[in-house]
Amino acid sequence: MTTTTLAAAPAGRSPTAAALRRFRKHPAAVVSVLFIALVVLAAIFARPLSGHDPNAIDLLSARTGPSGDHLLGTDSTGRDVLSRLLFAGRISLGVGIASAVIAVVVGTLLGSIAGLLGGWVDGLVMRLADVFMSFPSLVVIVVVAGILGPSVLTMVIAIGLFQWPVCGRIVRGVTLSLREQEFVLASRATGAGPLWLMRKHIIPAALPPVSVVATLAVAQAIALEATLSFLGLGVQPPASSWGNMLTDAQSLTVIRSEPWLWLSPGIAVALTVLAVNFVGDGLRDAVDPRSAS
Amino acid sequence: MTEPLLQIKGLSVDFRTDDGVVHAVTDVSLAVQPGEIVAIVGESGSGKTVTAMSVLRLLPKAAEVSADAIAFRGTDLRTLSAARLRAIRGGPVGMIFQDPMTALNPVMTIGGQVAEAVLLHQRRPDRKAAWRRAVELLGLVGVPDPAERVKQYPHEFSGGMRQRAMIAMAIANDPDLIIADEPTTALDVTIQAQVLALLRKAQAETGAATILITHDLGVVAELADRVVVMYAGRVVESAGVRELFAVPRHPYTKGLLASLPRMDLDVDQLDPIPGNPPNMAAPPAGCPFHPRCPLARDRCRTELPPLLEIGVGRSSACHFHDELAVTA
Amino acid sequence: MGAFLVRRLSINVLVFFLITIAVFALVHKTPGDPIAMQIPADQLNSGSADFIAQKRAELGLDRSLVVQYWHWLTNALHGDLGYSLLNGRPVTELLGERIGPTIELMGVGLLISLLIAFPLGILAARRRNSWLDYGATVVSLGSVSIPVFFVALIVIYVFTLKFQWFPSSGISDPTNPGLLDSLHHLVLPALILGFGNSGPFMRYVRSSMITELDADYVRTANAKGASPRRVVLRHAFRNSLIPVLTVIATNLPQLLAGAVVIEQVFAWPGMGQLAVSSVNQHDYSVIVGFALLIAIIVLLSNLLADVLYTVVDPRVRLR
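Listed in order, the protein sequences are those of chains A, B and C. Mapping of the first sequence onto the UniProt record's numbering: residues 1 to 293, in sequence order. Mapping of the second sequence onto the UniProt record's numbering: residues 1 to 328, in sequence order. Mapping of the third sequence onto the UniProt record's numbering: residues 1 to 319, in sequence order.
Careful, some of the hints might be misleading.
The calculated lysine to aspartate or glutamate pairs, modelled on EDC-like cross-linking and capped at a C-alpha distance of 16 Å, are [claimed, not checked]:
1) K201(B) to D174(B)
2) K61(B) to D214(C)
3) K61(B) to D181(C)
4) K25(A) to D248(A)
5) K61(B) to E136(B)
6) K201(B) to E222(B)
7) K9(B) to D76(B)
8) K25(A) to D18(B)
9) K151(B) to D174(B)
Keep in mind the hints are simulated off the structure, nothing from the lab.
With the rest of the complex left out, here is chain A:
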């Protein structure tokens, strides 16, 4: 009965259109897309929007609350919190996207190699994935940053490297199921190379599920960056990041009397990560209708 109902789906309704239709049924995901667009625009136009140099120190107006001149107040050295927040958005989004790209590239490569070659290579890659998955990335990056010294590049690479296994497993699964299918066998018979197979068959088939994990990877990377910077092991001052803007707030006096210092970057990172996760969640239901019901 299932096959007959599938065959009966009205013609002209492409999978993409159907996925879009299902995605739009998620109000939270749709609102999140708009919110993320807003965050991206704010980060791009940080300079004209802020009206202040994010690193301009003005000790005379240090630790002032929100006012007409400084909408979100100033920090302990009199820097404008709003402009630091906007510029920090660039770093957070950049780190998030760059790490997700690394994770997807490494995952796609290793996953399709494992799936195409099979045998001991497959076993080795999957075991490697298990090992990476079972280590808490934050703790490992703390150790690595402790020995190599904190740097944004190290952080991006490390976050990306710890996120590849999810993507790798999906691509491997897709590759394995494709290998069974006739048209791939046919293209192999005509002498198609593995790279051609990847581009023509594996990547298009893996794209929907991978887009879901890539989105979730972006969210996780933004949260990780903020946490590491909060601990002083990520983005180093004077550059601002949503995480290191909260580092100052580790004293009770700041928490009590200068809430604008920690509330705005905290809310920024929480809402952004939440929005990206909502989009990922909506994408998952859109791409894989079975997971929704």
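Dock chains B and C against the given chain A, drawing on the hints supplied.
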């Protein structure tokens, strides 16, 4: 005739899906007399399992069930409270499912599961007595060394032994009605015969009426008193087993019989019905069987044939059932 | 069962050795003389050149990298992780006194996360697509999305500064010690850690329960006349535990990540706080010791997952 044990009237079941409403069962009526074995026959997707599951309200929540009557011994099962329905499930009505591998709980011992069936219907729950009864029941259904094997898990049982355990659960509380959904389909051919024999024995000993759901006419010939043939969610023919096998009065039944391997014919002459069952979200107009029917003509494409009484205890939903009576 | 565990154990041991090589490579990348990490600072400062050269030979530091690795590894496996560059105390001792508070925090945090995840996950699975299900999804996404340190700051603002209900620093009050005082200090950090980890657990419980509730044996239990409560708790729940327990065990190290941050914010004297302060003060020998400890914890968690798997699933147990 006495009051039927089970009476279903005008049963329809719809499922809402992304591709529209699927009419799994449409306007099915069925009566089972005490002690009789009624077989419901049809291809997969014909609505026979859905019909049986709707009796004890075991369909998933997505199913929309409507019926003029579903009555067991005169009790309306449609509106019965959940608690009173549970007293009937596994009590006077026992069920046997198709795949004994997945129908048994993998992390519970066989004994635990059989004893649970007993325990749930004891007036005063007594674990020890339930366990003793479980051992007794397993012995009854032919599980060797039951006192030891009660402690084993389903994966330690063979397929046939698992189905015996399922039957033990179904007859645990001396039911008046057993609903068996494809009880032998998942089993090896040699085991099928043993399980069928056991079913017949269980039926004879308990005197329970049985609804036997199957696509296997061989099973029907061996066990059933009466046959209800379903196609595309509707009853298309119903008759006593001898009459039906002798003179099928619906082209679908005739096709099913022709596709049955027979001793007196060459295997090459096996004659399956051409085509596929219809898409239930968009069934064809007129008679649902007309696209596959050798007798189909214009009237069949526009007019749905009603299920009409065509003799004593037999009915057919074909415009041209008379022709079949002659040709056969 | 035995063969399965032996295979898993041998894989884990192999992985552990690979990780020690990676850690040793990191040690080699540290600035400064490796001998400083392996003998106490006062001996290093007061010792004669001969003494240091002798130590160097003992530790194999004048030999090849392989020999150095071997010396380092055997010492580490005997519990000798070198000495703090900062205060000269043995690293094993430093880590040892920090493990207790971390285990306490993680244990209670885990308990809280399970107390949130199991009821919510089961309810969400039973009432799929109800407002309760959506609510549970939002809670779980929130727990994954809102960084632990931000939750901690909000909680401190509300419960320490506004209401003054709970302390926000340390593990106990030296002027007023006791069980009640310890619990009082534990409440906020453990709650935050528990909340932060409840999201993923809840989703696993939910999806695993959904799979099991759709299983054929659940229909069998219903057909026997079992109550919904019995069907969920006796049948579906026990089956759903098989994957969920494994996931929880493999996720224990993730709990440690949350603990690192929370210990920092709440000045909780655990391993995480030690690690972060050692990183900030470039105390490499302590960082390396911490790294090895993490590797051990991860591998033990994996092993625990394997053992749990064999215990809860009779199909594996009896193989």
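Each hint tested on the structure:
1. The hinted pair formed by K201(B) and D174(B) meets the criterion: a straight-line CA distance of about 13 Å does not exceed 16 Å.
2. As the CA atoms of K61(B) and D214(C) are separated by approximately 11 Å, the hinted pair is consistent with the 16 Å bound.
3. The suggested pairing of K61(B) with D181(C) is violated, with an alpha-carbon distance near 51 Å, which exceeds 16 Å.
4. Restraint check: the Cα-Cα separation between K25(A) and D248(A) comes to about 41 Å, which exceeds 16 Å; the hinted pair is violated.
5. Restraint check: the Cα-Cα separation between K61(B) and E136(B) comes to about 36 Å, which exceeds 16 Å; the hinted pair is violated.
6. Taking the CA atoms of K201(B) and E222(B), the gap is about 13 Å. The hint holds against a cut of 16 Å.
7. The suggested pairing of K9(B) with D76(B) holds, with an alpha-carbon distance near 11 Å, which does not exceed 16 Å.
8. Proximity of K25(A) to D18(B) is assessed by CA-CA distance (about 13 Å); at most 16 Å being required, the pair is judged to hold.
9. The hinted pair formed by K151(B) and D174(B) fails the criterion: a straight-line CA distance of about 23 Å is larger than 16 Å.
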